[in-house]
Amino acid sequence: MGFAAGWYALALGDGLEPGTSAGTQLFDKELVVWRDASGASHVWEDRCPHRGMRLSFGFVRGNHIACLYHGWQYDEAGQCRHIPAHPSLEVPETIKVPTYASVEAAGMIWVQSAPEATEPPPADFAAVPVRSLYLDRAPEMVALLLEAGLAGSFESLSSSTFGIALDGADLFLALQPYGAERSALHIARTGGDLSPKDIAVWAEDLRATLEALPAIAPASAARQAGALA
Amino acid sequence: MSLVLHDYELDSDSYKVRLLLSALGIEYSKVAVNVHPGHEQRSPAYLRLNPLGNLPILVDGDTTLRDSGAILCYLARLHDGDGQWLPADSQRFGEVMVWLFFASADLAPATLARLHDMLEVPADRDAAIAASRRAFRIMDDHMTKRELEGFAWFVGDHATLADIAVFPAIALSRDFGVDHDEYPALRRWMRRVRTIPGFITMPGIPDYH
Ligand SMILES: N[C@@H](CCC(=O)N[C@@H](CS)C(=O)NCC(=O)O)C(=O)O
Ligand code: FES
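Protein sequence lines, in the order shown, are assigned to chains R and A.
For the record, in the first sequence the residue sitting at position 226 is 225 according to numbering that gives the first Met the number 0, with numbers rising by one throughout.
For the record, in the second sequence the residue sitting at position 204 is 203 according to numbering that gives the first Met the number 0, with numbers rising by one throughout.
Derived from the structure by calculation, the hints contain no laboratory data.
In this text, all values refer to a predicted model and were calculated from it rather than measured experimentally.
C-beta atoms are modelled at their ideal positions from N, C-alpha and C, and glycine is treated no differently.
Keep in mind that the hints are not guaranteed to be accurate.
[What the hints assert, rightly or not] Computed from the model, here is a short list of chain R residues facing chain A with C-beta under 8 Å:
no. : residue
1   : R136
2   : P195
3   : A199
[Stated by the list, open to error] Stretches of chain A that chain R covers, calculated by requiring three or more beta carbons in the stretch to come under 8 Å of a beta carbon on chain R:
no. : region
4   : 133-146
5   : 157-164
6   : 168-181
I would like the entire structure built from these sequences, with the hints used as guidance.
What follows is the structure in structure tokens.
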């Protein structure tokens, strides 16, 4: 099984402060998630058109992102606006970073993995962001193990989002297919009052479980899920 | 006053000492040791100063010290009257010590992986990288929980030697191909470390502006 083109969470919204950027990956493709000085978030290809430096290694200056290597600056639309070595140059429109559609919902930053995806963006709902959990495990296997209930009584809300009730709290987990062998789970509390710190401790156990469980086949996941239903 | 640091610009352990000296605003003189390609730290003269053949080495009058962790503690004890960097309170002191020992033991594979990739020091690269990632995960889990409880630093409510001791390994991890993508709490904390008065960089840790 694989994941369809659609919307995937890349980060917790409040973990990305204004004027900062972070590198990440989706399906092994490097992306930069950054928040400009006015608070708007952006998701771009993480590659400077000049010499290919990762833009996430650079820094945000106002509403521009500046490349660490030679200081080329890009505006909110990804258009290059300034080349320090040629300060008076009118920068050609062709020097532009590919950008992705993104939204903030449920305390997370979501990206549309491919422009042809027709699914609407995720609905917003109240959520207290807790933490992002990174796992050395294939995203397909993480989804199978969660669906099969082998790491707890998870409910599948979609092919990449899950819910679980934990000590009186309701948790929402969004799976980021980071790469072939790596995944992230972005975790928010949608109800109850279990402390975020306690949820973070639970998440460390969840990571250990998901990394240690033996692999299962999709059919057996379906059977397990059926048996539990 | 005759504080002398035997130093190598690319050495992350020497950098810890330079960073604390700068934060404390202490005058000192620096002797640049030709580590690469000269291996001068293993010359007979240097082995008399430090039989382990590594850097940094601090000479303060009659006192000669090796080991960046020991030197950090010595400088804090001597020059940090307020006990900011090495707290007097036993609980805080113990917590700082946990991270100082973590830096010299559990982050040693990160130092090795970097030396392997930059200076061709022999190493089992895959094992060193796997061990580095295990250590960075422990640091990120720690700072994740600290932030959720409203704290900004590894120990207590201000920067301590703990922050200085664990900073270089993760800040330089791209030198050996480990990105910061998986460590969001460390990414935020590293920005805070940059705001410490007197903060200085080293090659591989970019200056933002
Ligand atoms: N090489 C082109 C543009 C590249 C450029 O801007 N180069 C400058 C500073 S931003 C530089 O330092 N380049 C180093 C390099 O070419 O690797 C030019 O100078 O016309
Ligand atoms: S690689 Fe980005 S400005 Fe040169």
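Hints versus structure:
1. R136: 13 Å, violated
2. P195: This interface hint holds because 4 Å falls under the 8 Å limit.
3. A199: Since chain A brings a Cβ to about 5 Å from R/A199, closer than 8 Å, the hint holds.
4. 133-146: holds (count 4)
5. 157-164: violated (count 0)
6. 168-181: The restraint on the region 168-181 of chain A holds, since 5 of its residues have a Cβ under 8 Å from chain R and three suffice.
Violated hints, listed in ascending order, are 1 and 5; each of the other numbered hints is respected by the structure.
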